[in-house]
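Trainee: Spelled out from the first residue to the last, the chains are:
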Amino acid sequence: MSDKASEVYEKTMRRAAYERSLTRRRMLQASAAAIGAAAAASFVPQEVSAASGKVVHFAPAGKRLDGTLRAVQPLFNKAFPNIELEVASLPVGEALTKINTYMNSKSDAFDVITQDHAQFPALDAIGALTDLWPWLEKDKAWYEDYKKDVDANYRSMWNVPKGPSKDEGGAGYVAAITPDGNAMMTFYRKDIFDKKGLKVPETWDTVIDTVKEIHDPDNGVYGYAAAMKRDFWSGYQFYGILRSWGGDHFIDWPNGDFTVALNGDEAFKSLSMLVELAKYQHPVSSNASEDEINASFANGSALYSPLTWGTAVLNDPTYTDLHEAWHMDLSPRGTSEKSAHRALAGGFGQFIPTWAKNKDAAFDWMKFLNSPAEDVISAIVTAGGQPSRSSALNAWRDRKPFFEGLLKAFPVAVVNAPVIPEAYAIMGATGEEVADACNGQKSIEDAMAAMQKRVTRIMEDSGYYN
Amino acid sequence: MTARSDETRLSPSAGSALVSVAMRSIRAQRRRLAYFLMMPSLVVLIGLSIFPAVVSGILSFRVHPLYNPNVARFIGWRNFEDLFDDARFWESIRLTILWAVVVVAVQMVLGFLLAVLLDRKMRGIGLLRSLIIIPVFISPIAMGLTWRFIFEPVTGLANWFVSQLGFEKYSWLSHIDTSMSTLMIVDCWQWTPFVALILLAGIQSISPEVTEAARLDRVRGVTYYLRIILPLIRPVIMVVILLRLVDSIRIFDLVFITTKGGPGSSTLLASVYDYIIFEQGHLGLMAAYGFLILILINIIVVLFLNTLYRTEKAARLEELK
Numbered sequence: 001m002s003d004k005a006s007e008v009y010e011k012t013m014r015r016a017a018y019e020r021s022l023t024r025r026r027m028l029q030a031s032a033a034a035i036g037a038a039a040a041a042s043f044v045p046q047e048v049s050a051a052s053g054k055v056v057h058f059a060p061a062g063k064r065l066d067g068t069l070r071a072v073q074p075l076f077n078k079a080f081p082n083i084e085l086e087v088a089s090l091p092v093g094e095a096l097t098k099i100n101t102y103m104n105s106k107s108d109a110f111d112v113i114t115q116d117h118a119q120f121p122a123l124d125a126i127g128a129l130t131d132l133w134p135w136l137e138k139d140k141a142w143y144e145d146y147k148k149d150v151d152a153n154y155r156s157m158w159n160v161p162k163g164p165s166k167d168e169g170g171a172g173y174v175a176a177i178t179p180d181g182n183a184m185m186t187f188y189r190k191d192i193f194d195k196k197g198l199k200v201p202e203t204w205d206t207v208i209d210t211v212k213e214i215h216d217p218d219n220g221v222y223g224y225a226a227a228m229k230r231d232f233w234s235g236y237q238f239y240g241i242l243r244s245w246g247g248d249h250f251i252d253w254p255n256g257d258f259t260v261a262l263n264g265d266e267a268f269k270s271l272s273m274l275v276e277l278a279k280y281q282h283p284v285s286s287n288a289s290e291d292e293i294n295a296s297f298a299n300g301s302a303l304y305s306p307l308t309w310g311t312a313v314l315n316d317p318t319y320t321d322l323h324e325a326w327h328m329d330l331s332p333r334g335t336s337e338k339s340a341h342r343a344l345a346g347g348f349g350q351f352i353p354t355w356a357k358n359k360d361a362a363f364d365w366m367k368f369l370n371s372p373a374e375d376v377i378s379a380i381v382t383a384g385g386q387p388s389r390s391s392a393l394n395a396w397r398d399r400k401p402f403f404e405g406l407l408k409a410f411p412v413a414v415v416n417a418p419v420i421p422e423a424y425a426i427m428g429a430t431g432e433e434v435a436d437a438c439n440g441q442k443s444i445e446d447a448m449a450a451m452q453k454r455v456t457r458i459m460e461d462s463g464y465y466n
Numbered sequence: 467m468t469a470r471s472d473e474t475r476l477s478p479s480a481g482s483a484l485v486s487v488a489m490r491s492i493r494a495q496r497r498r499l500a501y502f503l504m505m506p507s508l509v510v511l512i513g514l515s516i517f518p519a520v521v522s523g524i525l526s527f528r529v530h531p532l533y534n535p536n537v538a539r540f541i542g543w544r545n546f547e548d549l550f551d552d553a554r555f556w557e558s559i560r561l562t563i564l565w566a567v568v569v570v571a572v573q574m575v576l577g578f579l580l581a582v583l584l585d586r587k588m589r590g591i592g593l594l595r596s597l598i599i600i601p602v603f604i605s606p607i608a609m610g611l612t613w614r615f616i617f618e619p620v621t622g623l624a625n626w627f628v629s630q631l632g633f634e635k636y637s638w639l640s641h642i643d644t645s646m647s648t649l650m651i652v653d654c655w656q657w658t659p660f661v662a663l664i665l666l667a668g669i670q671s672i673s674p675e676v677t678e679a680a681r682l683d684r685v686r687g688v689t690y691y692l693r694i695i696l697p698l699i700r701p702v703i704m705v706v707i708l709l710r711l712v713d714s715i716r717i718f719d720l721v722f723i724t725t726k727g728g729p730g731s732s733t734l735l736a737s738v739y740d741y742i743i744f745e746q747g748h749l750g751l752m753a754a755y756g757f758l759i760l761i762l763i764n765i766i767v768v769l770f771l772n773t774l775y776r777t778e779k780a781a782r783l784e785e786l787k
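Going down the list, the sequences are from chains L and G.
Under the working numbering, the first sequence has 40 at position 40, and the numbering climbs by one with no breaks.
Under the working numbering, the second sequence has 708 at position 242, and the numbering climbs by one with no breaks.
By construction, these hints were calculated from the structure, which means they are not laboratory data.
It should be emphasised that the depicted structure is a prediction, and the values quoted were computed from it without experimental measurement.
Think of the CB as a built atom: it goes at the ideal place given N, C-alpha and C, for glycine as much as any other residue.
Treat the hints with care, since some could be wrong.
Said to hold, decoys possible - Here are the computed distance ranges between Cβ atoms for each label pair:
#: 1; chain 1: G; residue 1: ILE599; chain 2: L; residue 2: SER107; range: 35 to 43 Å
#: 2; chain 1: G; residue 1: MET505; chain 2: L; residue 2: ALA109; range: 24 to 32 Å
#: 3; chain 1: L; residue 1: ALA109; chain 2: G; residue 2: TYR691; range: 54 to 62 Å
#: 4; chain 1: G; residue 1: PRO606; chain 2: L; residue 2: GLY220; range: 25 to 33 Å
Please construct the entire structure, taking both the sequences and the accompanying hints into account.
Mentor: Encoded structure:
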């Protein structure tokens with residue numbers, strides 16, 4: 001019997017003795033209670049950790065990000081009274097760069113950090129990531145359950161290098177775990193599509209016709225909306241289409257060929273599609289990040305987006321009256337041989353910085369946050385989160401069509417950027433050119449030439465061609 | 467006794483040497499005290515200004531990717547060459563100059579008119595002056611976010627008003643043709659009261675004898691302001707222009723929050739572009755651009771101060787004649 005079980009047993013027996021008038025019935029009750037308590041306590045030891053002290057978790061702000069942490073925090077405080085948890089946050093646009101700056105300065109201010117997937121190669125280059133194996137090894141039951149429940153394709157994105165981890169026969173180490181699942185998908189108003197007898201476009205060649213069918217700007221309704229803010233937002237839109245045509249930023253980066261391929265046919269088709277779609281776009285799109293696009297979906301002025309990161313918020317009745325009307329599906333694919341549905345997978349993972357002061361307690365918190373326990377999942381989902389665990393997605397899919405979309409997307413998910421430290425710079429550079437082309441400030445050809453030149457320069461600077 | 471006194475008495479030359487040593491010691495002590503007292507300011511100046519400037523100067527000659535610092539190295543003038551070859555860089559300089567000229571001109575004209583309106587004795591004028599300065603104190607982030615929602619093209623407050631007045635909805639921040647002017651409106655809304663209050667202080671510091679004499683000479687209306695007030699507050703005007711000009715060239719927060727330089731690159735002002743270069747991790751390029759902005763601001767300030775000095779000198783000479 002564990003210490004805790006013995007303590008509960010003794011306490012129960014003392015109480016029974018104190019009552020003096022021991023009847024056989026009471027004795028049986030006391031014994032049953034003691035056995036029950038001992039049995040219950042035996043399931044707890046993983047949560048009653050020897051770790052203690054303070055854990056500071058830094059996360060970008062937002063319902064889905066720091067919001068879910070704060071929702072789980074009271075449950076954690078109850079289960080781990082010895083660990084003092086503090087959640088710190090900054091607006092998402094600022095946080096992503098700041099995290100890398102903190103890590104460049106080897107800051108020990110944080111024990112856990114939530115960061116976007118695309119930043120992990122850069123964090124690895126800085127030496128900021130901790131191999132989580134020593135802690136995963138200590139609680140194999142939890143790890144096995146996590147592995148079984150989170151789609152392998154999605155989970156392996158958080159290993160460095162991407163792919164199976166060493167314990168699964170691969171080369172990577174587990175650098176982060178994530179209770180947050182995300183992928184670029186099609187968002188559409190099912191009620192409008194049903195009413196007009198439209199199908200969700202399966203391929204890019206049917207997208208414009210579909211948009212034309214539902215576009216009605218005179219009545220304040222737009223057929224297309226997307227986060228086309230300059231910089232990386234536009235970069236992701238472009239990359240989403242490019243991948244679906246079988247293209248990429250480089251000829252074959254997984255095998256080490258980093259020759260820039262942004263002057264090819266796939267890049268042309270992808271950029272042309274975005275320029276064409278811009279003619280029908282909701283006016284907020286040209287300056288929009290996810291927040292503005294979600295607002296345009298929520299207020300009913302935008303009806304369709306073939307590529308959106310989105311969030312589960314559109315299925316939240318407190319956010320929009322249209323929470324049942326918004327459905328999600330796979331984004332369109334190209335029509336060439338190389339084409340396929342390739343959902344850009346994003347999401348945020350939690351890592352322990354190399355310079356963290358309280359790694360044991362930090363991992364306890366991460367494990368708790370990634371627990372399959374119903375109350376934890378419920379806290380995350382009701383706070384606006386979007387789990388990565390299939391069991392959680394399945395349990396909530398009826399109430400959240402977004403989760404249905406995620407379940408479809410994970411098996412065809414691809415990384416949302418080449419897994420190299422320069423990914424963010426590349427997304428930014430390509431995004432600027434895409435934004436200029438879509439706003440008529442550059443021709444498609446000029447924008448492609450500029451992308452090719454800029455990405456080549458980034459790679460040259462990083463010594464890829466030496 | 468006398469002999470001993472003679473022994474201890476110093477010759478005149480030895481005495482003056484002693485005095486000079488004592489003086490030197492006192493001067494050295496004073497110098498040490500002066501250095502000691504200056505130390506905090508020197509530490510702050512070196513730590514917060516000179517050191518970062520030197521580091522950033524060195525950085526501007528290096529490739530130093532934020533996301534992959536292992537490959538950092540010296541590259542000579544290449545960052546500057548890259549910037550001069552970049553059409554977006556020149557466009558950002560053009561937009562910044564356009565921005566500075568337009569917003570400062572509008573703010574000066576509107577600020578002066580506002581100052582004239584506020585320069586009168588009436589009930590509640592003190593409260594009005596206090597209220598009018600409120601925009602200056604609003605956090606730029608909060609203000610930027612609020613204006614972003616106001617200018618939301620479909621459901622925003624601005625277009626609601628426009629449509630209530632029977633006009634077509636305007637694209638505000640959402641179109642390359644209107645985004646810059648929309649941001650200028652916001653900047654003028656925020657800073658015109660500041661200009662007005664400074665000019666008002668200038669107007670109210672004019673000697674009553676002068677205004678009385680003008681009144682007796684029946685100088686009124688526009689002539690009074692053009693011939694009497696404006697020349698007298700010229701030094702104040704020049705200082706306000708200088709302050710606003712430098713501030714306008716450095717504008718960042720409002721643009722970053724509302725458009726981040728978009729749509730396309732239509733509001734990509736110098737500071738925003740420099741920050742985006744940083745965000746994309748090109749620390750060397752960012753430092754090079756920062757230096758160019760610094761040089762641009764210095765050129766403008768020197769030119770301006772020179773003009774101010776010359777006009778003031780000419781005015782004084784005129785007065786003496």
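Trainee: Give a verdict on every hint.
Mentor: The hints, checked one at a time:
no. : hint                            : result
1   : G:ILE599 / L:SER107: 35 to 43 Å : 39 Å, holds
2   : G:MET505 / L:ALA109: 24 to 32 Å : 30 Å, holds
3   : L:ALA109 / G:TYR691: 54 to 62 Å : 57 Å, holds
4   : G:PRO606 / L:GLY220: 25 to 33 Å : 31 Å, holds
In terms of the numbered hints stated before, the structure departs from none.
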